[in-house]
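Asks: Protein chains in written order, with this note's numbering: chain A, 700 to 1080; chain F, 23 to 305; chain D, 50 to 343.
Derived by calculation from the structure, the hints in this document are not laboratory data. Don't take every hint at face value.
Sample of chain F residues at the chain D side, in silico, Cβ under 8 Å [what the hints assert, rightly or not]:
1) Leu34
2) Leu49
3) Leu52
4) Phe116
5) Tyr122
6) Leu168
7) Ile171
8) Gly180
9) Thr183
10) Asn259
11) Gly263
Heads up, incomplete: computed chain F residues facing chain A, CB under 7 Å, no partners named [what the hints assert, rightly or not]:
12) Thr64
13) Glu196
14) Gln199
15) Ala200
16) Glu204
17) Val215
Backbone N, C-alpha and C fix where the C-beta goes; we use that ideal spot for every residue, glycine too.
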Amino acid sequence: MSHVRLIDIDKYYGSYHALKSVNLTVDKGEFIVMVGPSGCGKSTTLKSIAGLEAISSGEIWINGRNVTREEPGDRGIAMVFQSYALYPHMTVAENMGFGLKMAKRPQAEIDVAVKRAAEILRITDQLDKRPKELSGGQRQRVAIGRAITRSPEVFLFDEPLSNLDAALRTQMRVELTTLHQQLGSTMIYVTHDQVEAMTMASRIVVFNKGVIEQQGAPLELYHNPVNQFVAGFLGAPRINFVAATLVNLRDGVAEVALEGASTVHVPVADTAGLTNGAKLTLGVRPEALKIGDVPDAALSFDAQVRLVEQLGRETVLYVDAGPLAAIGSESGTHNFTVQLGTAAPYAAGQSIKVSARAADLYLFAPDGKAVNRPKLIAASL
Amino acid sequence: MFPRPLPEEKPLQRGLYVGFVALILILWLLPLFAVMLTASKTADEIMAGQYWTWPKHFNLIENFQAVFAQTNMWGYFINSLIITLPSVLLVLVFSTLTGYVLARYNFKGNALVFALFVGGNFLPAQIMMIPVRDLMVSVGLYDTYLALIIFHVAFQTGFATLFMRNFIAALPDELFQAARAEGASPWQTLRHVVIPLMRPALAALAILTFTFVWNDYFWAIVLTQSDAVKPVTAGLNNLRGEWTSAWNIVAAATLFVAVPPVTMFFLMQKHFIAGLTMGAVKG
Amino acid sequence: MSELWKRHRNWLAPLLFIAPGALLFGTIIIASSFESVWISFFDWDGVGPKTWAGLANYRELFADPQFYVSLKNNVIWLVMFMAAPPLGLALALLVNQQVAGMRFLKSLFFIPLVLATVTVGVVFGWVYDPNYGLLALIFNLFGATAPALLADEHAVTFAVVVAALWPQIAFCMVLFLAGLNNLSPDIIGAGRVDGARGWNMLWHVVLPQLRQVGFIALAVTVVGALRSFDMIAVMTSGGPFGSSEVLAYQMYEQSIFSYRFGYGAAIATVLFAIMIVFITWYLRMMVRLEKETR
């Protein structure tokens, strides 16, 4: 049963169209992560669900109730903010019980709820402290505890980990996932960090310029992006893009020419709008690029290593392929990014050959839509 | 010139510096020392024209006693309290409310209302003197405490609104979103979130308003007539006219008028400075 | 009822909150100021009926030599008051050192600021006394006779302004000290690394960061100068022969002592016009500064 439903949500700030007819259905117990670049509408969507932003048109349903015109406090939601938004003048316990106090619940009931939430988050011994006596991670826990205390229908998280340092962020990520399993509640989570999205989500919703570009399970989105934006947004290091021209289209295989490399054959599923001479974009993920000759390589080119990043378990190379130029690459140059799953003894200046299999290539139409064989890659894994 | 800190290890340099500052300070406060000196003298010495010699008999206490016994200063003092304290309280209440609304609600005309508060607070009192005096006369409040209280509350609400609005606007937006998400009504948000967080600002504003209202002279002479309601500033000027030659008494009375604001200042100096500067600087 | 309230509280509550303050301020301060303009078109003794006079009050005012004396004195106040921000800055820089006991010395510097203007007036009345005053004492030390400043129509305004500068300088000093406190230590550090010292440090690194405080100090000083009334009332009552009057005082005198409320209102209107020019400038600067700091 759908637990949260957004129906044709539009939001204008003056003449700026922030959300364009957003539709989203969330089932009970799902962990939805909304991602996208800043200004894409993900936070606006979250705040609209919370009721902190009034939407211009559309409907919001939570747990079978139309809450579009309801106050945030009446919607059955709880929210965890980026800055935690703890009240500095209240103790941890008071912070956590504030919502119930506003609802004029008896103190005994508040105490029980606070204690239960504190136990879940292991902050029972911090209850009498004030927020400024706590570390960042502890504050984060209190903010989550405050949400738990209200036992809401839906938890809303607005980039809750972005103020934490890297180590703590990893730890809290694990804790949040555990918490989700433990409570089984519906959670909607906004972040710009794709690692959080990939690791925590049961479903990722990718926003861009006020529309939902694609939604689905993390690996589904990673392997079968519907368009160039999603392919470019998910994955670190970023996918390599290169300009390609369609030369020939026959029997479901596109033959594309690249500047400074041999012609590449890519199987194509959707041929709509593809004519010879069309300006396409070819994509290949850094981990799909291999060094040396690969059997049945569809793409191969010579390159020179410019920079090597040794990460211990893996190696990232930035390589210059001369006239074959990567577009908008990770390094901010025309270099390709190659990610090797081992520690490899490469050095800057070295000449290498780079190859990739046809199954690892993505092809995007001039409008950005993915045109090559969906599901094929997942199947070949 | 600017803040090269004086090195710790050069006590001589530091000593010279403090000495220099103290010298400037003495010159700076010389007029005040003159009053203190005069207030410590006997009437005889004053009559003999010995203003600047060290007092032969230290007569400060006696002069103060004379102020209380022979003049109406104590009555004026009480009047000032009766006028000032309720004014301060009401200003705090009104400006918290207006400041909260102007800081947190984005309604049409918000900027205009705020600009009127800020702009109006700069107007010299004389501009509104005639209508205000006329209003107080026509509603029968002329020459009452209430006339002064009403005017002071109205006028100080201008500055106080600027002050509170800027403080509340500086609170993080997410705090208010959190309160809303937890179902707090506007009033509950004000009571449980804004006011507790505004305590230092309110203390600062209270002292500032106290000083402004206590020190007012113009409205005291425009809206009151009788000694029964006159505040201490107007009283002091009257006294000066009546006791022209008894400068030791006038000096003692002058110090007496200055006691409450100066005491307040020293007791709550941090709040006072913070209020004056933050209120102004943030504006 | 409670459902109705809940549905509408999002706009009703703020309306109720702002109402008392806004109504009071709107009627007593704003509306009254504009009412003054209206009254300036009447002949009125403050008690009897008002008779329409059109622009007669203004015609008389602009022909009144006292008006020009007052206006000139207002200009003198304004110009001389401009000394307050730099002197306040100088004092602030002087005491801006971390030395034991400095906090206390600093607070003593602020005392003139908390004194009532009446008190300052009385105190300086003493200082200027030609027989026994502080000034007389100094002149006597050099064997000269002190001039009676407050009785000299050419000197009186300057003498009053000097007295009024005393608290005003203290005010500016407080503002600049707060500004100096808020300086970014990183930028000072960067200046030091770049070798800025002394005047260069002050001029190129410190002062640019004090712009906003400087603007506030300038604004409160202008307002202080245009509000000058108490000091004149206490020290000279506008004398001798009106030579120390400013517009505010002339307005008061015409209304309260001469019962010419219409004429007084015309003076108030001129003062109002001057203030509106200033306030408009101030509000525009404020908006600009607020944008800059965002």
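Asks: Look at each hint and say if it fits the structure.
Replies: Here is what the structure says about each hint:
1. The restraint placing F:Leu34 at the interface with chain D is violated, with a minimum CB-CB distance near 13 Å, outside the 8 Å limit.
2. The beta carbon of F:Leu49 comes no nearer than 11 Å to any beta carbon in chain D, farther than 8 Å, and the hint placing it at the interface is violated.
3. Of the supplied interface hints, the one on F:Leu52 holds, with its beta-carbon coming within about 7 Å of a beta-carbon of chain D, less than 8 Å.
4. Because the closest C-beta pair between F:Phe116 and chain D is about 4 Å apart, less than 8 Å, the hint holds.
5. A hinted interface residue such as F:Tyr122 counts as satisfied when its beta carbon comes closer than 8 Å to some beta carbon of chain D; here the least separation is about 6 Å, so the hint holds.
6. Contact between F:Leu168 and chain D, as hinted, is not supported at the beta carbon level, the nearest pair being about 13 Å apart and thus beyond 8 Å.
7. Taking 8 Å as the C-beta cut-off, the interface hint given for F:Ile171 is violated, the closest approach to chain D being about 11 Å.
8. Restraint check, F:Gly180 versus chain D: the minimum CB separation of about 6 Å is within 8 Å; hint holds.
9. Taken as an interface hint, F:Thr183 checks out: its beta carbon lies about 6 Å from the nearest beta carbon of chain D, inside 8 Å.
10. Taking 8 Å as the C-beta contact cut-off toward chain D, the hint placing F:Asn259 at the interface holds, the least distance being around 6 Å.
11. At its closest, the beta carbon of F:Gly263 sits 10 Å from a beta carbon of chain D; the interface hint therefore is violated under the 8 Å criterion.
12. Interface restraint check for F:Thr64: the shortest CB-CB distance to chain A comes to about 55 Å, outside 7 Å, so the restraint is violated.
13. Interface restraint check: F:Glu196 against chain A, minimum CB-CB distance 4 Å, threshold 7 Å, status holds.
14. The interface hint given for F:Gln199 is met, as the beta carbon of that residue sits about 5 Å from the closest beta carbon of chain A, less than 7 Å.
15. Here the hint on F:Ala200 is kept, as its CB sits about 4 Å from the closest CB of chain A, short of 7 Å.
16. Here the hint on F:Glu204 is kept, as its CB sits about 3 Å from the closest CB of chain A, short of 7 Å.
17. The closest approach between the C-beta of F:Val215 and any C-beta of chain A is roughly 6 Å, which is under the 7 Å cut-off, so the hint is satisfied.
The earlier numbered hints that this structure contradicts are 1, 2, 6, 7, 11, 12.
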